[in-house]
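The residues making up each chain are set out below.
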Amino acid sequence: MSAHDLIDTTGWHPICALDAIPVLGARVVRTPDGDVAIFRNEADQIFALRDACPHKQGPLSQGIVHGQTVTCPLHAWKIDLACGEAIAPDQGCTPTYPVRVQDGHVHLHLVSLSPVAGS
Amino acid sequence: MQKQKLVMIGNGMAGVRTLEELLKLDPERYDITVFGAEPHGNYNRILLSPVLSGEMRLPEIMLNDLDWYRDNGITLHAGRKVVAVDRRRRVVRADDGTEATYDRLLLATGSNPFILPVPGKDLPGVLAYRDIADTESMIEAARVHRHAVVIGAGLLGLEAANGLALRGMDVTVVHVGEWIMERQLDRVAGGMLQLALEAKGMKFLLQHHTSELVQGESGRVAAVRFKDGISIPADLVVMAAGIRPNTDLARQIGLQCNRGVLVSDTLQTFDPAIYAVGECAEHRGVAYGLVAPLFEQAKVCANHLAHFGIGRYTGSVTSTKLKVTGIDVFSAGNFEGGDDTEDIVLHDPGLGVYKRVVVRDNRVVGAVMIGDTADGSWYFKLLKDQQDIHPIRDHLLFGQNGLGDVGHKGETLAANLPDEAEVCGCNGVCKGAIVKAIKGNGLFTLDDVRKHTKASSSCGSCTGLVEQILASTLGGAYQTAQSKDKPVCGCTDHSHGDVRAAIKAQHLLSALQAMKALQWKTPSGCATCRPALNYYCLSTWPHEATDDPQSRFINERAHANIQKDGTYSVVPRMWGGLTTPGELRAIADAAEKYAVPTIKVTGGQRIDLLGIRKDDLPKIWADLNAAGMVSGHAYGKSIRTVKTCVGAEHCRFGTQRSMDLGVKLEKMLFDMYSPHKVKLAVSGCPRNCAEAGIKDVGVIGVDSGYEIYVAGNGGIKTEVAQFLVKVKSDEEVMEYSGAFLQLYREEGWYLERTCHYVERVGLDHVKAEILEHAERRRELFERLLASLRGAKDPWAERVEAERATALAREFETLEVSA
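Sequence lines, in order, name chains E and F. Using my numbering, read the first sequence as starting at 1 and increasing by one per residue. Using my numbering, read the second sequence as starting at 1001 and increasing by one per residue.
Pulled out of the complex, with its shape left as it was, chain F reads as follows (with noise of 0.2 angstroms):
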């Protein structure tokens, strides 16, 4: 096939991150050549801030260098302006004459600074903050002058202003607003973040226009006068008023301009063979100046590029997340609020805290804070979902506690940490590391970081900390937040609610078919999907739906939980803790014929042994059959234990028998698959032995019945169960227990524990379906019955399944002959 030729003017991140996602879409399909003004390859704009302060290098700073354009078959002229386009015959002609023919054409011109229109804007001196260029000068500024005003008290100026401090000048911050950063900032905060400007020493004219830059005896800047006719002495002055989406270009070639470039959903302006993304574009009435909306347009821009043509950018909500100078700052939405609105805040002046969110019908729609902004993201999330906040209204400003309880030392707060604190306990990861691989491989994503150095990747109680640190060393260009809407992985757009939809709907019977159903990208998706895509058909279409054991992880194919060394680890079930003389012989005798090296009591009250080969398993699990004991699903995203007191049988405070409803329990929800897995306990009284308080089912007797707590959780994050409800019977608590469970089954997404479940759904929801409706509540219970008839045990199926199926033969290891 013959290569299409694409052309992209302009070398910055929004336009170089588009290539990258269509090289990883469809490297062949075109030819590409790139014209950048600069002299540069494409490099990290945000972080030119550490650059100026004196924090990083510039080789530190580029994402893409020479070489990968090369490697790429990339044609780059560097240092090239684009003056010309004919679209008719659509060829683009350089400064220096040089022309390149296009197909499709790429604008990605991004912004220019907005220089003030004042006598003496073009004084040697006077500079704006835009790229390597500026930066050099206000550095080699710094390095002779004294008196540095910085013209514009945004972001950009007030990183100038920090930067300029730090290597020594004296600045001043002028601004027109009554606050700084009025944009990002409320007037509280503004004040708040000024005065701790000011105790690091900067200046700042609030309310001042400039009206002349004077010339000194040396033909440069000398001085900065203002309407009021006051003026100040300026041997440097950085024009940081604003950015304007670069729109020279396309105005020219009679593209039709707003603010910006004007696109549709597919990035393409009025002309379809010409697309524009990042700071020069437009999209339904939006120049997006942040790089999260930037890259979100590359990704579906690419999209189109290659032919694929399914996706759509409908615009983004941003936050702003930054680090000013050791301050933290953050604000997401309409944070001003209105009539309509209402104020929750938390002011500290003491701690320098101040957090306010922003509330309309019990939904957040903005929220503004300083000092203290671990919990921004998840305002953030709480704003793009619209998720009711009417049940955690009360606690909202204290924050969602998203840090996990151990592994980082009990640290919260990211900022301060030094470079040698260890952030990510499960696998070693010091703060240090995860900020050289931010800025050494140029990281934007969580996801990015997890797959560079493993930090929160594996029980992921520190997400919230690497999340911050993201943000403190990225600054404004990080998009905090996964809404409810991500996808599931990379093989799909969907995410998991859409799936769950879709297979309902579309009566899906096994994950395959979902795939295809759902035109998944991949052939056979990946290890995080498929699992995902099993579980929903089985769970949505009981009996009906095929199972495929290549779809689950291997303790759920092998119904034991493999151990570092390929071994796996058997657990019988004991039902509520309970055994008998017989069992523990079987158990003992089966431990001996097999050599177990290791057994141990587990936290769920049973037995544990541990170091069984895989061939052994079938064999194990046909002993342990032979004494009638099961398999205890020890493996499993399903059912694991109801753990028991003593209770009312033997102990002498026990009110209820727990150790028989626990078995009760045990015995209805056997086999039960589910979104994670499930734990149970049974206490016979408030001293509560069983410590139901942290069960995903808790269930506490009282002498007048039965306590019922649900979606608490003992692991990476402690979290107490909440109180459902409180019933008289056994068989109450069966139909009430059962049908939460079910109603996790149904609407919980893969490997979302209880906790997390209600936590997104809200304990209001889950009420209002099991206590409001007793009618909704019996069909659950109902359906939590039907799908789990007939359960079989695992291991006596496996043992007893026809040897001839592939399937069962997984078991045997082959030899070679010859």
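If we strip away everything but chain E, and leave its shape as in the complex, we get (with noise of 0.2 angstroms):
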């Protein structure tokens, strides 16, 4: 596969498809970025956080999933999967990116993967 071959404008990636994330749990993706936890949860929403808790970097893609929170294998923070904020009275923040399903796959946009935006 060439340089040429990975260029994507739109800065879309596929990733796999969307039932090999099992329902609330996640998976983690490597990317030239670091490691980025994708998750679903019990209503197929599905979310992408880079996989380090704000706390001591704990990979969250390890955690337990419950509605709309991810809760840190470590030391039980509790992280918002829509934000990447911690929830109160913890105070920190995990870097999201953004992730879409499509024809049941999911994709993640990463600008910095993409050689033009990286050019």
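You may find that some hints are simply not true.
[To be verified] In silico lysine to aspartate or glutamate, EDC-like type, Cα no more than 16 angstroms apart, as pairs:
| id | chain 1 | residue 1 | chain 2 | residue 2 |
| --- | --- | --- | --- | --- |
| 1 | F | Lys1454 | E | Asp90 |
| 2 | F | Lys1451 | E | Glu42 |
| 3 | F | Lys1593 | F | Asp1623 |
Worth flagging that the hints you see were computed from the coordinates, not collected in a lab.
Assembling the complex is the task here: the two chains are given apart, and the hints tell you how they should meet.
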């Protein structure tokens, strides 16, 4: 695959089938940006966050997903999946990434991955 | 939807808490308007005492400042008193003519101080002690005057007296009763408290009835005269002879009132559009004055206002845990006792310690304590839960020792700790930080403190200390004791006991099904309740219930322990702590193959491989499986290890073959899922090299058989295992310990270790089930074996699992491709 093939001016990258992510679970995507966790909740909503808790960088992908929240497996901080903010009174924020489902496939938006944006 | 109008009369703690609860449940339902007679936002009335004594300043005790009302879209009319309500047109009118219409009206008018009807009660210099204005007047008076007289030696009176004394006044407390605080303390405790307060310079006149407040030449009060003719000088008189529910408005508009405004279990008055909460309300004959019951009312009232309609307020049992000027005081329930009660008393005047627990039919019905109140919340819990105390009577007065052993320098009493003392050793939280958070953020409960400071939120060993700090910071506001009726988490109002019973009765087979059947408030629960529900379903309906991997903590999902850097640790099982050259060789090979950075021998007599990447887990399992090894379950709420000593096989002192029995027990219990981790040990003689005395089940070989001990713990709080029974054969050890563990599996609450479980249900209950009824013991044992039948190694299962399922693929990292 040449570098040219990777050009995606929109920045959207196909990741996996929706069904490859367990309901109320997550998968980890290795990207040049670092690990990104893609979550799926009981309403089949999809969220993408950097796989690091703002507290001590715990892998959020390994946490328990409930509603629009994930509980970090290391010290049980709760992170809002939609905005990446820690639930009060904890304070901190994890970057989020745009993510969408098309034809049963999950796509992740990573501008920094695009050679166009990167060059 | 057109918003409805909610008007609240009164702007105090109970009312505003109701609004806060309502905004949490349904922020969009109402346009809210609040009338408050005082020109402030909502402040913490309980902290007026530290303001008076100079320890705190007014801005520090504000709970809801004016911004809060604005941010929540609430119209606040501060400093305006409502004078009329037209119930037919549903309009309220304030003293300045401001009107507001309502669909729902909430009365939260609080209480008024009781003013003695004596001549001179309206003189300058005569005050009640109720609000910010009173407090400021007292501070002002202390600046220029000398003699203060406080009428009434209840909590409020003593706090006022203490504050005024600290501000340099010469204070006399006058009381009609035979001893001080007679509503909260018995005669002995009252006397001890008085002695302690006298040592601080306060004076007392007991059994004195005030007849007149005498005016001086300046027009201000100058003396207090009593019925017996004597009089004492007074430049300031504080009336603290009690409070009365403020029902003036309610009576005026024709609402049914007794002592307070009568309310139903949903906090509605006789006019269903009008609610009442707080000190103005009377529920089932009781008008409450402490904060904790008022907050319970607020919760139910908000629930009803939000049209949830499931909450019922059924009354509160209250306890008083206070710090009266540095002296800890606690009382709860019927501490006076009666003809049918017994007193258990510990009294050491030299140490200033007095504890009296009142008991009827082996249940605690009341308690009063002074000096050492660390165990107050425990007695209160025993009282609330109506627990049979017969098995613990002999050491009841010595307390629960609810504190863990370590992590706080052995300190057990919070009152005298300096601010910089570390209270929570896990999260490095000092006393000062906790006090600051309580005051600064208006915290009232243990959960609040845990959320804001993290203190006691990890191992929990300092919970007792944190509770004491809460009590001494908040005084009477703090309601201790988490009863066994406490809800599982914020997603439900059901307790662990309710949930277990419902899962059994309704044949609920998965966490999701249970949440639906029990009307969970959240769509998919939370990280606290889901694992509990999953466990309850699986333990109640083995082979029938569906295990939900997403309702298990990652360690149980990945069959390995997550480490701080996101890698995992792998512990292969070594039955009874025994291994072979082949196993050791396979472990060494795997460690090299997967570049394991750290290898450690564990306390459970096996080997821990640390620092393994998640992607490698299935591979290393396959390699270890190939050498005949299986998962050690070092990660689970499950059977961990059976620790053994060498025993009669080799040891010159050994009386029994402990290694052999240990291996048999460990094989029997393989893959056992339980409320929390379970550790066993078998020692071959009473020298007890396997440390069986601190295990969930500890077996000690003696020449004539085995002694079985249960419910020990070597963790946060060292708990010595209790003797259960002595048996003769290996088979009996397996049956008795298996039956005990099955009882724990069926009755224990999730995350409750065996020591906590046995403390809750009592060892007598365990003995009754296992020793007295051979039939029940055998049934328990058979149910254990049945549920463990067909147990598979979770590693092998995962390795063999059809990799097409999303679940199995959890271990694979995805790569971005274009």
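So, going through the hints one by one against the coordinates:
no.: 1; hint: F:Lys1454 to E:Asp90; in the structure: holds, 10 angstroms
no.: 2; hint: F:Lys1451 to E:Glu42; in the structure: violated, 26 angstroms
no.: 3; hint: F:Lys1593 to F:Asp1623; in the structure: holds, 10 angstroms
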